[in-house]
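Chains as they are written, first to last, in UniProt numbering: chain A, 1 to 349; chain S, 1 to 349; chain D, 1 to 349; chain B, 1 to 349.
Any given hint could turn out to be false.
Unchecked claim - Listed next, the in silico DSS-like pairs over lysine-lysine satisfying Cα-Cα at most 25 Å (straight line):
1) D:Lys97 x S:Lys211
2) D:Lys211 x S:Lys208
3) A:Lys208 x B:Lys252
4) A:Lys115 x B:Lys283
5) S:Lys252 x D:Lys211
6) B:Lys211 x A:Lys252
7) A:Lys211 x B:Lys252
8) B:Lys71 x B:Lys115
9) S:Lys283 x D:Lys97
10) B:Lys283 x A:Lys211
11) B:Lys90 x A:Lys252
12) D:Lys208 x S:Lys208
13) S:Lys115 x D:Lys283
14) S:Lys283 x D:Lys115
15) S:Lys283 x D:Lys208
16) A:Lys252 x A:Lys211
17) B:Lys211 x A:Lys283
18) D:Lys208 x S:Lys252
19) D:Lys283 x S:Lys118
20) A:Lys283 x B:Lys208
21) S:Lys283 x D:Lys211
22) B:Lys128 x A:Lys118
23) A:Lys283 x B:Lys115
24) A:Lys115 x A:Lys208
25) D:Lys118 x S:Lys211
26) D:Lys97 x D:Lys29
27) S:Lys29 x A:Lys29
Unchecked claim - Covered by chain A, per the in silico footprint, the following chain B stretches (three or more residues, Cβ under 8 Å):
28) 199 to 213
29) 228 to 238
30) 284 to 294
31) 308 to 320
It is worth saying that the hints were derived from the structure and are not from the lab.
Ideal placement from N, C-alpha and C gives every residue a C-beta, glycine not left out.
Protein chains: 4
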Amino acid sequence: MSGTIRAAIVGSTGYGGVELIRLLLQHPKVRITSVISSSAAGQLYTDGYPHLTEIITDRLDAVDPELVASKADVVFLATPHGVSAATAPKFLEAGLKVIDLSGDFRLQDGSVYEKYYKHAPADPSYVKKAVYGLAEVFGADVNGASFVANPGCYPTSAALGLVPLVQAGWIDLDSIIIDAKSGVSGAGRGMSLTTHFSEVNENFFAYKINKHQHTPEIEQTLSRVAGRPVTLTFTPHLVPMTRGILSTIYAKLENGRTEAEVHELYRQYYEGRRFVRVRPLGKFPATKEVAGSNYCDIGLSVDARTGRITILSAIDNLVKGAAGQAVQNLNLMMGWDEAEGLAFTPVYP
Amino acid sequence: MSGTIRAAIVGSTGYGGVELIRLLLQHPKVRITSVISSSAAGQLYTDGYPHLTEIITDRLDAVDPELVASKADVVFLATPHGVSAATAPKFLEAGLKVIDLSGDFRLQDGSVYEKYYKHAPADPSYVKKAVYGLAEVFGADVNGASFVANPGCYPTSAALGLVPLVQAGWIDLDSIIIDAKSGVSGAGRGMSLTTHFSEVNENFFAYKINKHQHTPEIEQTLSRVAGRPVTLTFTPHLVPMTRGILSTIYAKLENGRTEAEVHELYRQYYEGRRFVRVRPLGKFPATKEVAGSNYCDIGLSVDARTGRITILSAIDNLVKGAAGQAVQNLNLMMGWDEAEGLAFTPVYP
Amino acid sequence: MSGTIRAAIVGSTGYGGVELIRLLLQHPKVRITSVISSSAAGQLYTDGYPHLTEIITDRLDAVDPELVASKADVVFLATPHGVSAATAPKFLEAGLKVIDLSGDFRLQDGSVYEKYYKHAPADPSYVKKAVYGLAEVFGADVNGASFVANPGCYPTSAALGLVPLVQAGWIDLDSIIIDAKSGVSGAGRGMSLTTHFSEVNENFFAYKINKHQHTPEIEQTLSRVAGRPVTLTFTPHLVPMTRGILSTIYAKLENGRTEAEVHELYRQYYEGRRFVRVRPLGKFPATKEVAGSNYCDIGLSVDARTGRITILSAIDNLVKGAAGQAVQNLNLMMGWDEAEGLAFTPVYP
Amino acid sequence: MSGTIRAAIVGSTGYGGVELIRLLLQHPKVRITSVISSSAAGQLYTDGYPHLTEIITDRLDAVDPELVASKADVVFLATPHGVSAATAPKFLEAGLKVIDLSGDFRLQDGSVYEKYYKHAPADPSYVKKAVYGLAEVFGADVNGASFVANPGCYPTSAALGLVPLVQAGWIDLDSIIIDAKSGVSGAGRGMSLTTHFSEVNENFFAYKINKHQHTPEIEQTLSRVAGRPVTLTFTPHLVPMTRGILSTIYAKLENGRTEAEVHELYRQYYEGRRFVRVRPLGKFPATKEVAGSNYCDIGLSVDARTGRITILSAIDNLVKGAAGQAVQNLNLMMGWDEAEGLAFTPVYP
């Protein structure tokens with residue numbers, strides 16, 4: 001079919017993978033030609049996901065770069081951390097465009113990767129080739145790229161909430177605190193007590209306090225924007241819901257900037273960016289208001305009593321925080337409109 | 001725009017209305033030209049639904065048939081029961097096509113309507129004109145129609161689960177029991193203790209036992225299919241979730257029909273019907289597997305010990321049970337493919 | 001301490017076990033002297049259940065009947081099905097009173113056990129010794145007994161909802177359908193996709209249709225009460241909540257019995273039984289109204305149109321459906337007031 | 001009954017009131033002699049709360065201080081803000097002990113009350129008489145008192161998490177940020193979109209950003225402990241669950257204090273206080289681990305990279321955050337053990 005490209009999805013049986021399928025099936029310029037799983041190769045895709053009955057009739061392919069290269073133009077890697085470090089180079093060598101949804105190629109410093117991920121880091125020459133696909137901030141790098149490291153869910157929400165202020169130099173960079181809350185789908189389909197319904201339902205708690213692997217990813221982005229090292233506090237929490245991330249971000253505002261000035265700064269920064277909606281002053285986003293969509297919604301408030309700004313940033317962790325941003329990056333890589341195939345509304349309620 | 005029609009939505013601030021907006025925004029042949037509310041006319045639509053920020057920038061229109069007729073070709077009435085009885089005739093007289101999502105034009109017998117709905121019934125001459133839009137069963141009537149009574153949520157799920165067996169005459173018509181369970185969005189956006197989070201969450205209960213207004217609607221459909229009066233038991237329950245209906249249906253199977261025969265009967269009945277998925281024997285649908293989509297998924301099991309069949313029928317109450325079926329009916333009224341604008345997958349998880 | 005007995009709990013790290021601990025800690029006549037686990041022996045109990053920090057400071061004991069007999073007078077077996085078949089006899093031989101919360105000693109017919117549980121049945125001589133502890137129906141048997149098979153959660157809810165009518169002979173015994181709905185804690189703390197939060201939340205589905213192991217247990221109870229074999233339909237469903245079971249029960253009423261007569265029958269049958277609350281006519285129980293308590297609440301409605309009765313029966317599956325009824329049985333075994341230590345209210349909301 | 005006192009509850013039909021009933025029914029030294037409601041006087045209590053069927057058979061009394069004084073020794077005011085300002089003095093004049101669960105007598109500065117509560121402040125002479133009942137901090141004041149202002153839910157969680165550090169002077173008092181998350185029952189039984197199930201379920205959002213009325217209450221407590229004014233940032237969020245508050249608290253640690261030192265500080269501060277459980281280093285509380293109980297569980301972590309401490313503080317908002325702490329205060333007022341009637345475990349799961 002002229003004008004369309006063929007896509008393969010590795011790790012297609014995880015939540016990131018199945019969300020990619022939902023989005024790509026609606027994309028007018030993409031055809032899914034291979035759904036791939038190392039653990040379930042040969043099985044019907046719908047054995048694990050009967051909601052796609054009569055929609056996806058394929059069996060799962062094994063992970064085989066040659067085979068994939070014969071069937072697809074682009075491959076999405078929606079595998080657990082530590083897998084694509086080894087496989088992404090093979091897919092690239094086979095001539096495929098690669099979008100990696102794992103954390104393996106996001107951190108430039110391998111020793112930091114190793115400290116937080118407890119895996120050996122990827123080959124530095126490939127890390128260098130990977131473009132960090134935070135589309136609204138580094139979109140220019142993504143245009144025409146062949147290899148994109150898709151940002152993490154928390155880092156997307158946090159960075160989009162902070163970048164305008166950091167770039168403008170209006171906050172004390174040592175004062176940043178990100179208190180983030182995520183739905184349970186962020187933990188994937190794997191089983192553990194922290195994804196067990198009876199343990200999570202009617203419960204709220206923080207985890208990986210002061211040691212979550214998204215901390216250095218957020219710091220790397222803000223340091224790059226600031227032009228100097230940024231160290232911050234990041235606390236993730238689990239919310240008894242399936243989808244959604246809300247980051248509540250705190251920082252000391254400098255030079256007496258007013259709420260109106262900051263709001264205007266955000267409005268201008270995101271002008272023309274389809275997927276970031278800066279809410280009017282006095283209004284704040286809820287995760288349900290972006291559910292199922294690729295939006296990142298931002299609201300902010302300045303407290304004159306403390307000189308502190310509070311920023312609220314909401315995304316659907318599986319869309320803007322994973323599969324949706326990956327499709328947005330594909331659009332940029334191909335030179336298409338960034339909203340191609342992504343222009344649908346949130347599902348509410 | 002050639003090839004497109006203009007749509008207005010009355011009662012657009014309810015859950016049926018906002019779901020119509022989500023679906024029609026994705027429909028390639030429809031443009032929404034008026035969002036209407038009797039209670040909030042003049043306000044921005046997004047004041048009540050900020051998830052549509054930057055998507056719907058319109059203010060709400062008042063209910064004015066002349067105005068609507070000047071702006072639209074078709075009007076969806078997503079108003080509470082008892083409202084469209086009075087307004088639908090006016091919209092029809094003004095030359096609009098009308099799709100009524102309320103219960104006002106579904107029941108042919110006004111006295112039954114009055115008994116269950118506690119409202120005066122609509123003018124019988126208009127009731128006669130209204131085509132009951134259960135697309136997979138009475139779709140032929142809908143083709144080219146101007147006035148459709150869109151089925152209720154429970155009746156859609158229940159009737160699609162029973163019609164093949166009733167039409168085939170394979171069950172004891174006096175043995176039908178429908179034990180139905182719905183998410184809370186079915187109760188609308190109005191406030192009451194039965195939609196109060198702290199009352200409904202971690203709770204499960206039945207309501208309107210032996211007196212729910214959908215009982216006669218289901219009986220009317222099955223009686224029409226059977227060619228004789230059908231009386232049945234229907235019990236609705238509230239599930240602590242937002243979307244979804246599962247009907248568990250019981251009946252006595254006659255003449256020793258086997259599970260395989262019944263399964264084949266369903267397969268054939270729904271052959272070519274895009275939105276009904278008959279699951280393989282041994283598999284049963286879950287509401288999450290149809291969430292956000294227009295599918296009705298059906299599974300069945302025959303128990304040789306009791307001679308009884310158990311049928312499971314799952315829909316998203318706001319889509320196939322309301323707005324999605326209304327769009328499907330619009331497609332049939334216009335002579336379009338019934339799946340036009342509705343060919344998206346469930347949102348999972 | 002004079003007047004108290006010492007209790008041990010095998011399988012104390014499951015949900016049945018931890019609920020026994022909650023209840024026994026409040027019981028004025030019982031002291032917990034050993035918490036036992038085959039898989040976690042030696043660990044601190046609070047490693048797995050930090051909500052008991054500073055309350056339970058014990059380490060888990062291994063399963064050792066001699067040791068248990070030296071420390072306790074009664075042992076609760078809250079182990080998975082198939083375990084107590086082997087261990088209960090040993091505890092009995094060691095001189096302990098035994099209350100088995102598993103299904104291993106409930107079914108008198110070993111072949112039926114084997115068919116539904118897929119385990120070898122227990123030694124028939126011990127099965128014969130086990131008293132089936134449905135306290136409100138067979139409580140006389142439990143008085144002074146040494147070995148009690150504690151009823152299953154669904155069977156408790158279903159049988160209490162049906163026994164008065166079955167005993168009175170007022171329903172068609174071939175017409176019974178039990179449509180039951182349970183919170184997720186009924187599936188235990190083990191991990192599987194059906195206890196995975198993102199799969200279960202915002203979802204509703206039936207499982208083990210026409211083959212759940214509680215079917216023969218309910219049939220056995222009703223057959224015993226009826227004095228003839230009863231075969232029925234039982235369908236369990238999973239509700240996205242942690243605790244609670246609601247059974248919606250249908251049957252054909254015979255001889256034109258009225259709603260008022262049936263209600264009076266229930267009122268009289270449960271007169272003086274502290275834990276069954278027959279609701280006034282027109283009122284129906286919700287699971288939240290019994291949460292955390294040992295109540296079974298019952299409501300009923302007769303439909304003159306169909307001649308059918310609908311009975312609603314609600315319990316907390318972990319209390320009246322497991323640990324609470326076990327304590328109630330202990331009270332009867334010891335000759336104490338059946339409500340000893342159980343006289344607390346539901347937790348609402 | 002010798003040794004018991006008689007209690008009345010005004011506002012007994014709200015969630016604070018019904019939780020007081022649950023707790024007082026278990027209290028060995030208290031008898032409930034009047035349940036009171038201004039809006040539902042004359043109705044059966046169980047009309048609104050059928051979970052208390054056969055337990056509370058009383059009708060609701062009207063608000064009448066003379067009548068109450070004739071029937072009770074102590075009155076709990078669980079009324080909305082703005083009500084007890086007028087009624088508490090009348091009950092006091094009538095000779096009753098008064099425990100006010102509303103915000104009307106918590107803030108010493110009437111102008112601050114008026115700014116945040118939008119009500120006229122209470123008579124300052126009565127405000128002065130009211131003892132602020134944060135039992136673990138100001139318990140000495142409560143001993144023998146006649147009039148207690150029971151702390152708010154968020155302030156209890158936040159203050160217990162901060163007081164040891166503030167008293168020790170180990171943190172920068174200008175650096176305090178409290179990011180708090182509450183279950184929906186905190187919003188009461190009143191109806192609004194923010195308690196509507198379909199709006200709140202699968203949703204997470206902040207509210208009253210930089211203007212919640214609990215901000216000055218927390219500041220007042222910390223200022224009193226610090227001996228100088230404390231200004232801080234407080235952000236409340238709504239969690240899609242019924243019960244529970246988790247406060248995530250951030251502050252700059254001064255003078256290079258280590259995690260071990262801070263942990264020891266907390267351990268010592270709460271030594272002997274039955275209802276505060278300081279978790280071992282590396283462990284953090286979840287709201288479900290205190291559900292239904294009067295515990296406040298605290299965990300903490302120091303990040304050497306930022307010099308910041310993160311404190312997690314969890315309570316059940318209806319127990320330690322309202323009714324439970326009120327009973328604890330009653331115990332102190334009467335000179336009883338503070339745990340009298342409150343020594344039960346959390347309900348888990």
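For each hint, the structure was consulted:
Under the criterion of a C-alpha separation no larger than 25 Å, the hint pairing D:Lys97 with S:Lys211 is inconsistent with the structure, at around 50 Å. Taking the CA atoms of D:Lys211 and S:Lys208, the gap is about 30 Å. The hint is violated against a cut of 25 Å. At roughly 20 Å between alpha-carbon atoms, A:Lys208 and B:Lys252 fall within 25 Å of each other, so this suggested pair holds. The straight-line distance between the Cα atoms of A:Lys115 and B:Lys283 is roughly 21 Å, inside the 25 Å bound, and the hint therefore holds.
For the proposed pair S:Lys252 and D:Lys211, the alpha carbon gap of about 18 Å is at most 25 Å, so the pair holds. A hinted pair counts as satisfied when its Cα atoms are at most 25 Å apart, and B:Lys211 with A:Lys252 qualifies at roughly 18 Å. Distance hint between A:Lys211 and B:Lys252 is fulfilled; the C-alpha atoms sit about 18 Å from each other, no more than 25 Å. Of the pairs offered as hints, the one joining B:Lys71 and B:Lys115 is violated, with about 37 Å between alpha carbons and a cut-off of 25 Å exceeded.
Only pairs whose Cα atoms come within 25 Å are accepted, and S:Lys283 paired with D:Lys97 is rejected, the gap being roughly 43 Å. Straight-line distance between C-alpha atoms of B:Lys283 and A:Lys211 comes to about 13 Å, which keeps the hinted pair within the 25 Å bound. At roughly 47 Å between alpha-carbon atoms, B:Lys90 and A:Lys252 are farther apart than 25 Å, so this suggested pair is violated. At most 25 Å may separate the alpha-carbon atoms for a hinted pair to count; D:Lys208 and S:Lys208 exceed this at roughly 28 Å.
The suggested pairing of S:Lys115 with D:Lys283 holds, with an alpha-carbon distance near 21 Å, which does not exceed 25 Å. Taking the CA atoms of S:Lys283 and D:Lys115, the gap is near 21 Å; set against the 25 Å cutoff, the hint holds. Restraint check for S:Lys283 and D:Lys208: satisfied, since their Cα atoms lie roughly 10 Å apart, inside the 25 Å limit. Of the supplied pair hints, the one linking A:Lys252 and A:Lys211 holds, its CA atoms being roughly 23 Å apart against a limit of 25 Å.
At roughly 13 Å between alpha-carbon atoms, B:Lys211 and A:Lys283 fall within 25 Å of each other, so this suggested pair holds. Of the supplied pair hints, the one linking D:Lys208 and S:Lys252 holds, its CA atoms being roughly 20 Å apart against a limit of 25 Å. A threshold of 25 Å between alpha carbons decides the hint, and for D:Lys283 with S:Lys118 the separation of about 21 Å falls inside it, so the pair holds. Under the criterion of a C-alpha separation no larger than 25 Å, the hint pairing A:Lys283 with B:Lys208 is consistent with the structure, at around 10 Å.
Among the hinted pairs, S:Lys283 with D:Lys211 is consistent with the structure: their alpha-carbon atoms are about 13 Å apart, no more than 25 Å. At most 25 Å may separate the alpha-carbon atoms for a hinted pair to count; B:Lys128 and A:Lys118 exceed this at roughly 58 Å. Our distance criterion of 25 Å between C-alpha atoms is met by A:Lys283 and B:Lys115, whose separation comes to about 21 Å. Our distance criterion of 25 Å between C-alpha atoms is met by A:Lys115 and A:Lys208, whose separation comes to about 14 Å.
Under the criterion of a C-alpha separation no larger than 25 Å, the hint pairing D:Lys118 with S:Lys211 is inconsistent with the structure, at around 42 Å. A hinted pair counts as satisfied when its Cα atoms are at most 25 Å apart, and D:Lys97 with D:Lys29 qualifies at roughly 15 Å. Our distance criterion of 25 Å between C-alpha atoms is met by S:Lys29 and A:Lys29, whose separation comes to about 20 Å. Coverage of a stretch by a chain is defined here by at least three residues with a beta carbon nearer than 8 Å to that chain's beta carbons; for the region 199 to 213 of chain B and chain A the count is 10, and the condition holds.
Judged by the Cβ-Cβ criterion of 8 Å, the region 228 to 238 of chain B is covered by chain A as claimed, because 5 of its residues qualify and three suffice. Check result for the region 284 to 294 of chain B against chain A: holds, 6 residues qualifying (beta carbon to beta carbon below 8 Å, three or more required). Beta-carbon proximity to chain A at under 8 Å applies to 4 residues in the region 308 to 320 of chain B; the threshold of 3 is reached and the given coverage holds.
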